[in-house]
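A.B. asks: Throw the hints in and build the complete structure from the sequences for me.
Protein chains in written order, with the working numbering: chain A, 1 to 502; chain B, 1 to 486.
Incorrect hints may have been included.
[Stated by the list, open to error] Pulled a few chain A residues facing chain B out of the computed Cβ check, cut under 10 Å:
{"#": "1", "residue": "W118"}
{"#": "2", "residue": "A338"}
{"#": "3", "residue": "Y340"}
{"#": "4", "residue": "D352"}
Source of the hints: derived by calculation from the structure; they are not laboratory data.
For each residue, glycine too, the CB sits at the ideal point set by N, CA and C.
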Amino acid sequence: MTPDLTGLTGLTGLTLAEARAGLEKGAFSSRELTAAHIEAMAAGRGLNAFITETPERALEMADASDARRRAGEAGPMEGVPIAVKDLFCTEGVRTTAGSRILESFVPPYESTVTANLWRAGAVMLGKTNMDEFAMGSSNMFSFAGPAINPWRRQGDRTGADGRPLVPGGSSGGSAAAVAARLAPGAIGTDTGGSIRQPASFCGVVGLKPTYGRCSRWGIVAFASSLDQAGPLARTVRDCAIMLGAMAGHDAKDSTSVDRPVPDYEAALAGDIKGLRVGIPSEYRVDGMPDEIERLWRRGVAWLEERGAEVGDVSLPHTKYALPAYYIIAPAEASSNLARYDGVRYGLRVPSDDLTEMYEKTRSAGFGAEVKRRVLIGAYVLSAGYYDAYYLKAQKVRSLIAGDFRQAFETVDVVLTPTTPSPAFAVGEKTDDPIAMYLNDVFTGPASLAGLPAISVPAGLSEEGPPLGLQLIGRPFDEETVLRAARALEQAAAFDAMPQGLG
Amino acid sequence: MAEGLLIEGRTGDWEMVIGLEVHAQVISKAKLFSGASTRFGAAPNSQVSLVDAAMPGMLPVINAYCVEQAVRAGLALKSRINLFSVFDRKNYFYPDLPAGYQISQYSQPIVGEGDIVLDLEGGATRTVGITRLHLEQDAGKSLHDRGPAATHVDLNRSGIALMEIVSEPDLRSAEEAGAYMRKLRSILRYIGACDGNMEEGSLRCDANVSVRRPGEAYGTRCEIKNLNSVRFVMRAIDYEARRQIEVIEDGGTVALETRLFDSEAGVTRAMRSKEEAHDYRYFPDPDLLPLVLDQAWVDEIKAALPELPDDKKARFIGDYGLSAYDAGVLVAEKDVADYYETAAQGRDAKLAANWVTSELFGALNKAGLDIAHAPVSAAALGGLIGLIADGAISGRMAKDVFAEMFETGKEAAAIVEAKGLRQVSDEGAIEAVVDRVIAENPAQAEQCRAGNQKLAGWFVGQVMRATQGKANPKLVNEILRIKLSG
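C.D. replies: Right under this line is the structure:
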C-alpha cells in the first residue's frame, strides 16, 4: 500500500478523529503521524508553545502503539500524538508548572489523567507552556517566556504595531500548539477559565469538565476546589474523544466522583430540537464590545435555527463571581504553594538561616503574579479577615451555584460569550492586574459552581483573531454540552486558519 | 473545692487551674492520609509516601480505620460523636512539615463534649470534662544533632494519625493531672486506639496552667509543650504554678506564653509569647470532602466496645467485694484485670486480689517484667490460692512456693508435693506433737499456765519446728490454747 493521500505536512492538518481513522485504516502509522508533528513542533518553536519537547519519547511511544495495533490491541486514542500542559506530572519528564522553582523538577510518578491517556494509546509530544502555576490569562507569566498566539491582528488598525498576540492562559501553550497544528489535541487545566479563555483566543475548542470528572492526582495544584483537567482540540468531536479517555473515578483523589464515563462521542449524534438554552442577561457587562454582543446574538440565532428554544434566565449573583473567585483561588493557592520551600525538591537558594533560606528561595523561585496571589491568599485567610473575605466569598460561591441550579430547572444549557474581548498583544494589560483578571469574568462563575463548560470558536473579531462562545451545562451533563457545542460548531463552520502557521 | 488542693503562698492561698491537651498516636498500620507504614523504629525516611513528602500534585485520602479508632475513643470517653466533621489546614512553615500545612480539625471536630472519671488516692473519684477530640497528622522529626551546620529531617512520623484530646480546665492539682493522664491512657489502651507508650512518643501532653485566688476568675495561662511522661506532666505543673504565684506575689503579671519543661533542671522556660504566635490561617482542606458518618456505623462500633475500666471497676466491687482502691488498681490495665479474673475464677476473690496486687506486682516489679510476661500464669496463681484456701499450705508457706513458681514456672501443687510441704491439718497428729512438746518443757508450760503470754508464742514456734513448719498454724494455736489454759 502506498500512502499517497498525504505528505508528512498534510498529516498535521488532520483532526484527531481523522488521524485516528487514518491509523485504523492503516493509511499511515503512528510513527509517521508523530514524526510529522515532531517536525511541526520544531518548525513552530517561534510560538514558544512547549517548555519541554519529548521527541524521542514520542517516537518510542508511537512505535509501541504501532506494535499494539499490529497485535490487535488498539485503544480508543491509539497512536494519536498529543501535547500536555506542563502542570501534569509526567514520570521521568521534567514538570515545571511554568515556574523557576520547579525548573529542574522531574517527577517519579505519572498523573492519573496522563496515565489514562497513555493507556488509551495516546502519544506524548511534549510539555506545553503556561502561566506560572496556572495563574494568569495571557501566558506571559511563564519562567520560560510567553507563548505566542499563531493568530495575528489584521493590518495596523488597532495600533498593535506588529506585536504578537497572547494565546491566553493559563493553558496558552496547549491552545497555541493545537491552533498552529503542532498537535491535534492537547490537555490543559481550568481553574477560572484557563482552558476556555485560551481556546477562545486561539480559535480552538476547549472543554472544562464538571469538577470531579477527571482526577486531580498528579496535577500540580493551584486551587484545589476549582482545578479541573480538560481537552483542547480543533473540533468538538476531538474533545469528546479525549474526555472519554481522561475521565474516570480515581481512589487517589477524594474529590473525584465515582460514576460511569459515558460514551461522549456517541452523545454527539442527534440534533438539538427542543433543547432549552438560557441567555443570562447579567453577562451583558459594562464596556463589552459590540462585536461580542453581536457574536452572542449570532449564537442564539444558530441554535434557534436548529430547533433549540432560547429564553432568558437570571443568574443574579454573577457580578460577585469574579471577586469571590479572586479570593478563594488565591487563598487555596497560598496554602498549596507552601510546599515549595527549598527543603525537599526544586530550587533552593542556600542560607545559614532557615527563614532567610525560605525567603530567598521563594523570592527567586516565584514570579510577580504568583507572589501577588500568595500574598492575597494569605491575607484573606488571616485572623480578623477570614470572615470578611474568605467566608463571605464561600457564601457567594454557594449563591452562584444556587443561581445555576435554579436556571437549570428551566433550561438545559446556558449560552454566553467566552471572553469579553479577543486576544490582546503581548505586553498589554501587564501593568494592571485587575484588567487581566477581567478576562475570567464569563468563565469564573461556572468554575465556582463546578459545572461543565465549553468554548467553541464562533467567528473572527474585527481585529482578526477569533472569538469563542461558551456553553455551560448541568453537573456531569457533558453529553448535552457537547451535543449543543457540536450544533454551534456546525453552524459557525469556523474554518479560518491562523496566519502564524509558518 | 477540697481544702487540701490549695497552695499556700506568702500572701494567702492559691488554686491551680489546669487543662490538658493530649496527643495520642492512633494504632493503625497506615498513616492518616497515605498508605505508608507507621512501624516504630524504622530507618529514617524509609516510611514516607509521595503524599507524606508533599510532592507536587499529591492528594490526601482519609484512612477509614483511623476514623473508626477516633469514634471508638470518643465513645469510650462518653463523648458526642459528630456525624459531620471537617478537616482543616493549619498553615505554617517548618522543614519537618513538608506541605507547609498540617491537616487537622479546627472548628468542626469528629468528637465533641464528654467526660472522664479520675481515680484518686484512697479510692475517691472525680469527673472531669472532655472538650473535644479531633484527628490530625503528625509532623516529621527535625534532628539538630547530626552535624554542626545542618539539620536533618526524618519524615517517618510525617502523616501518622494523632488524636488530640482536649480537657476542660477542670483539673486542680498536679496529682489530678497525673490521674487524668493515667486514666486516659488506660481507656485508650482498653479499646486499642493508642498503645499509650509515652517513651516512643505515642502519648504526649501539653498542659495549660494558671493560678487564681479560690473562687475568683481564671488567671492568665501558660502552655507547657510536649511533656512525655506522667511524672514530667506533674513536675512541670507543680513548678509552673509555683512560678506563677511567685510572679504575682512579687507584684508582676503572668504573661500569656508557650513554655518548655527542662526535665533535667526541673523548670519551665519561655519558648514564645502570644505576640510571636503563628497565625495559622486555618481553612477547610479543599482536597478532602467533609467527613460524614452514619449513625448505624457508630452504633455498631459502640456495641462492639469492650468493657471499659469504670464498668469493670464497678463490677469488681459488686461481684468480688473488692475495695474501690483494689478494684481501681486491678482494672487500670486490661491485662491485669484479665489476669486477676482468671486467677480468681472459683477462688476467694479478695485473697486473689491481695496476691495479685502484693506478691505478683512485687515480683514483677523486681524482675522488671510486665504482666504479659509473668512467669506465673493466672491459672497457676489460682492454683496456689486454692491450696491456701483449702488449708493445704499456710500463707507463710505459700510465699515460698510462689517464689519458686516465679523462678521455675512450675505449678504450685507440684512444688508442694515435691518438697513435702503439704500442711498437716490432722488434729490428732498435731495434738500428739503438742503433748510431746509440753511434756518436754514442763517448766515453761507451768509459767504459761500462770499467765506468761510470751511463752504461748514460744510453744507455737516449738510445735512448728517439730513439724518442719507443716502444721496448720491455726490448729496449733487452738490446741495449745486449750492445753495450756489455766
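A.B. asks: Can the hint on A/A338 be confirmed by a CB-to-CB distance to chain B that is less than 10 Å?
C.D. replies: holds (2 Å)
A.B. asks: Can you verify the interface hint for A/D352: is its Cβ closer than 10 Å to any Cβ in chain B?
C.D. replies: Holds - the Cβ of A/D352 comes within 10 Å of chain B, reaching about 8 Å at its closest.
A.B. asks: A closest beta-carbon separation below 10 Å is what the hint needs, so does A/Y340 meet it against chain B?
C.D. replies: holds (8 Å)
A.B. asks: Take the shortest C-beta to C-beta distance between A/W118 and chain B; is it under 10 Å?
C.D. replies: violated (16 Å)
In this structure, the one hint that does not hold is number 1.
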